[in-house]
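Residue numbers (this note's numbering), protein chains in the order written: chain B, 1 to 362; chain E, 1 to 132.
Some clues are possibly wrong.
Straight-line C-alpha distance at most 25 Å; calculated PhoX-like pairs for lysine-lysine [unchecked claim]:
| no. | chain 1 | residue 1 | chain 2 | residue 2 |
| --- | --- | --- | --- | --- |
| 1 | B | Lys-255 | E | Lys-93 |
| 2 | B | Lys-166 | E | Lys-2 |
| 3 | B | Lys-311 | B | Lys-208 |
| 4 | B | Lys-80 | E | Lys-90 |
| 5 | E | Lys-55 | B | Lys-255 |
| 6 | B | Lys-133 | E | Lys-2 |
Treat the hints as calculated values from the structure; they're not laboratory data.
These are the residues of each chain, in order.
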Amino acid sequence: MTQKPHNSLNQQITDLILDNIEDGIFVIDHNQQLVFINQGGLNIIEASTNELKLNRPWTETLKFVNQHNLAVQDLDNPLKQIWIHQQSIRQDAYLLTFKDHNTPIHLIISPIFDNQQQLIAVVGVIREMSLEKQQEQAKTDFVSTASHEMRTPLATLEGYLSLLSKQDLNNQAKIYVSKAHQTVLHLGKLFKDLLTTSQSEDGQLSHKPQIIDLLDLMTTSFNNHQASANEKSITLRFEKPSAFKQGWFIYADPKRIAEVVDNLLENALKYTSADGFITLNLEEVDDFFQLQIKDTGLGISQKDLPHIFQKFYRIDDSQPGTGLGLFICKKIVELYKGAIWLESNLDQGTTFYVNLPKHESG
Amino acid sequence: MKKRLLVVEDNQDLADIYQLSFQQAGFEVLSVHDGEEALKKFVDFQPHLVLCDIKLPSLSGFDTIEMMQGFPELMKNTVIIIISAYSDRKLIKRAQQLGIPTERYLVKSQISINQVAQVLQGYIPVNEASTS
Ligand SMILES: Nc1ncnc2c1ncn2[C@@H]1O[C@H](COP(=O)(O)OP(=O)(O)O)[C@@H](O)[C@H]1O
Ligand SMILES: [Mg+2]
């Protein structure tokens, strides 16, 4: 039984609604006390009416935890943050129920102001996450936790191999260490790609856009790949455009765009044999800057072309890889409302095109 | 004069690796294993660079950095770089709130130790041009 102070018809209707909807609704006053929670809310936190502690600090009833049941820090506790930022908050969270279950919820909370613009209360809605959403979340959490858990040992392995490679080793040992080192670096990239893929699948690709100069970014990536091109006797060229008068500015996360350019360059290097050529270009095309990466390599047959951006799609397994690179490129480019496509003929090489919208300075 | 680098890393293996690698890269390295120790050394050692892990035993890396920022005079000459096994959006945002941009948020295993050394050198030349 929840609070029913007045008995007007309107009030009865409101009570009826509050008691029967599945969503939880609660109110916290400016003394940080829970002053109201409906039946739906009690169901979600698995509390009976006699366990309910109204007019007591809300922290006794609404326990925000992480997925491992540990109380979240104040900075991650939406009900603490709202008093500071005084703005509505909408986020996914976990509540620890009265029966010690960990319940994933979707939470919306809003500040209530009086006439003097003083924050006097907070009203919130809790919605239990659907099973489907929960499973999706569990999958994402798993992939994310798993790749995190692997990062520390992997970084350790990489560090020791790097130290080892600087020791005085005989030639054979040098080769073994170098191969092991390369493999570990590759594994690092693999985990990164898996995580990016899992993030992009539920629209959670993390990124921090800013104004960046595409020419600088391409130059860096070009320089970083020069050594491996030399190693394979491939000529890597960048036909730098004459300085564009306003600069080659786009609004995007530099790390993500570098991921695209690096992936395309790595592919070109991987799928082009010795004495081949790889050429980078940057052009202005209408409202876009267009990046071109042209190689004289294996090429891609008409039958494979339509599938090339699918995840895990690989034409042959002679080269190491995951089939995630192009999938990720496409997701990133689409995130910035750009486009990626290619032209290719078997045995005649491939050209990848990437269009990214120009940043219009205001 | 060598540039001073304070490494805050609780994993002993990684701390050893950082110590050796960055010494080889030309830094004077001091490594500590928790936030409390880091704060103490931050004041004594006055590092030019701090490489800080996030997941630490008691104080988190964020807490530690926040407290370091309580010494604005020292902070003026210090660049803070985060290195973490975590890369969630929330954490990157938290770093930004502390004034650490994404370029200074490094993710373990996604960057080789040599690249980390390069990043560190990029922020501060190992030897000042004027010194012989
Ligand atoms: N420049 C290229 N030339 C020829 N084939 C390519 C090129 N880029 C990609 N491919 C083909 O597309 C497939 C998918 O590429 P990608 O998603 O980057 O995965 P990966 O490189 O890990 O195999 C590759 O396995 C390869 O068969
Ligand atoms: Mg690839």
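Going through the hints against the structure:
| no. | hint | in the structure |
| --- | --- | --- |
| 1 | B/Lys-255 - E/Lys-93 | holds (15 Å) |
| 2 | B/Lys-166 - E/Lys-2 | holds (21 Å) |
| 3 | B/Lys-311 - B/Lys-208 | holds (24 Å) |
| 4 | B/Lys-80 - E/Lys-90 | holds (17 Å) |
| 5 | E/Lys-55 - B/Lys-255 | holds (23 Å) |
| 6 | B/Lys-133 - E/Lys-2 | violated (53 Å) |
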